[in-house]
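**Q** Read off the chains here:
6 protein chains.
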Amino acid sequence: MSNTEIWLPSLITKTPQEGRALAITMARKTIGAIQTDPEKRKQMRPEYADDTAQLISSAQVVAIEFQTIAKANKYWRNEK
Amino acid sequence: MSNTEIWLPSLITKTPQEGRALAITMARKTIGAIQTDPEKRKQMRPEYADDTAQLISSAQVVAIEFQTIAKANKYWRNEK
Amino acid sequence: MSNTEIWLPSLITKTPQEGRALAITMARKTIGAIQTDPEKRKQMRPEYADDTAQLISSAQVVAIEFQTIAKANKYWRNEK
Amino acid sequence: MSNTEIWLPSLITKTPQEGRALAITMARKTIGAIQTDPEKRKQMRPEYADDTAQLISSAQVVAIEFQTIAKANKYWRNEK
Amino acid sequence: MSNTEIWLPSLITKTPQEGRALAITMARKTIGAIQTDPEKRKQMRPEYADDTAQLISSAQVVAIEFQTIAKANKYWRNEK
Amino acid sequence: MSNTEIWLPSLITKTPQEGRALAITMARKTIGAIQTDPEKRKQMRPEYADDTAQLISSAQVVAIEFQTIAKANKYWRNEK
Numbered sequence: 025m026s027n028t029e030i031w032l033p034s035l036i037t038k039t040p041q042e043g044r045a046l047a048i049t050m051a052r053k054t055i056g057a058i059q060t061d062p063e064k065r066k067q068m069r070p071e072y073a074d075d076t077a078q079l080i081s082s083a084q085v086v087a088i089e090f091q092t093i094a095k096a097n098k099y100w101r102n103e104k
Numbered sequence: 025m026s027n028t029e030i031w032l033p034s035l036i037t038k039t040p041q042e043g044r045a046l047a048i049t050m051a052r053k054t055i056g057a058i059q060t061d062p063e064k065r066k067q068m069r070p071e072y073a074d075d076t077a078q079l080i081s082s083a084q085v086v087a088i089e090f091q092t093i094a095k096a097n098k099y100w101r102n103e104k
Numbered sequence: 025m026s027n028t029e030i031w032l033p034s035l036i037t038k039t040p041q042e043g044r045a046l047a048i049t050m051a052r053k054t055i056g057a058i059q060t061d062p063e064k065r066k067q068m069r070p071e072y073a074d075d076t077a078q079l080i081s082s083a084q085v086v087a088i089e090f091q092t093i094a095k096a097n098k099y100w101r102n103e104k
Numbered sequence: 025m026s027n028t029e030i031w032l033p034s035l036i037t038k039t040p041q042e043g044r045a046l047a048i049t050m051a052r053k054t055i056g057a058i059q060t061d062p063e064k065r066k067q068m069r070p071e072y073a074d075d076t077a078q079l080i081s082s083a084q085v086v087a088i089e090f091q092t093i094a095k096a097n098k099y100w101r102n103e104k
Numbered sequence: 025m026s027n028t029e030i031w032l033p034s035l036i037t038k039t040p041q042e043g044r045a046l047a048i049t050m051a052r053k054t055i056g057a058i059q060t061d062p063e064k065r066k067q068m069r070p071e072y073a074d075d076t077a078q079l080i081s082s083a084q085v086v087a088i089e090f091q092t093i094a095k096a097n098k099y100w101r102n103e104k
Numbered sequence: 025m026s027n028t029e030i031w032l033p034s035l036i037t038k039t040p041q042e043g044r045a046l047a048i049t050m051a052r053k054t055i056g057a058i059q060t061d062p063e064k065r066k067q068m069r070p071e072y073a074d075d076t077a078q079l080i081s082s083a084q085v086v087a088i089e090f091q092t093i094a095k096a097n098k099y100w101r102n103e104k
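Chains as they are written, first to last, in my numbering: chain V, 25 to 104; chain C, 25 to 104; chain L, 25 to 104; chain R, 25 to 104; chain W, 25 to 104; chain F, 25 to 104.
Keep in mind that a hint or two might mislead.
Identical copies look the same in the list; a pair holds intra-copy or inter-copy alike.
[Stated by the list, open to error] Subject to a maximum C-alpha distance of 20 Å in a straight line, what follows is the list of computed SDA-like cross-link-like pairs (lysine to any residue):
(1) Lys98 / Ala57
(2) Lys53 / Tyr99
(3) Lys38 / Thr28
(4) Lys53 / Leu32
(5) Lys66 / Tyr99
(6) Lys38 / Tyr99
(7) Lys95 / Thr28
(8) Lys95 / Leu32
(9) Lys98 / Met68
(10) Lys66 / Thr39
(11) Lys53 / Thr28
(12) Lys64 / Glu42
For the record, the hints were derived by calculation from the structure and aren't laboratory data.
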């Protein structure tokens, strides 16, 4: 992830499902900001994708990120 | 989970109990978005379903997702 | 837990202490929704009830569920 | 903890420090509701009190409980 | 930590950075309330200060405590 | 991190992406406040940067810090 790449212009998404996708992106970008070597990240993938405990921890990160995104989008309730 | 499937049109549910079910679905969909191989997910099931520590971690993910859903539904208090 | 059982008609409780009990129920119901075999759940009980790390993780789930319930009940402050 | 004991009549405390104490009590009561044998709880104490990882996890439970209590007390800002 | 010591008169701080320091103090006081022996706490320090997993868990406790403090201080936005 | 360094004058950032960067800084500063030896921190880096479970836990800390920052910035919705 080049430091100049604008990947998060806004927290606003059209739908909750797009909000879920953004939450996953946000979590992944944090991992990329800590482990900046894409090749290493690729090699490490099976360590978490095939490990239920780490899949559950990953789901927890996404749940927290989504909580923030849902609030930013006023829960997509389309209220004024 | 095909990428085009609309599974989360809204966070609004009729009852708290439906909100619980949606929270579990949201957590499961995240796992499916990370480990996209349904066969692998099926084989891994006993690893968490028979492991109390992972059952507890799973319950934590659901609690966070439900927190978001409950807020979106104004706690089903039926206030205007 | 039969799927048709209505166990969560509302998040509203009379007192904070009832809210604590509901939070524990909500956490337990999630475990039951993931590990649906009551006999297995019964056998697994010592694994977490006699393990301090898992007791602490369980307390964390209850704390998150209670946070949602307390908010739903406006912290039982009896304000209009 | 006898089931009839009223230990949480309210979330309101006079000061933040009393709020901290209540948060610790709430976390401990949850442990007591899951592991109901006081003798077992006493024997298990060194397992977490002498284990930094479990002390940190316990601090996390208290932080979440306190977050709820602080909100209930409007952060003791004494605003109307 | 003598039980009569008033260490948390308020959650209000002048700046976010003071809020961070208070969050760390609050987390440490919880550890002190559970493991009351200062000598033991001192001996245990390397166990977490030299262990990345426990440093990360500690950072999580501080992040939750800070979330509460930031809200109490209305995010230091100096709005009326 | 010298104790007199002002690194967190405010939680306000221009964009969500700057908010992400601040969240990572806040998490790192907490680690630095607990493990104050920069040389040790540098040596420990591979322990978490090459460990998927610790990368995921780190992402969780950042998600919680970002939740606070996003709220402080009113989700960058530019509403009055």
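**Q** Looking back at the hints listed earlier, which ones does the structure fail to meet?
**A** As far as the earlier hints go, 1, 5, 7, 9, 10, 12 are violated by this structure, in ascending order.
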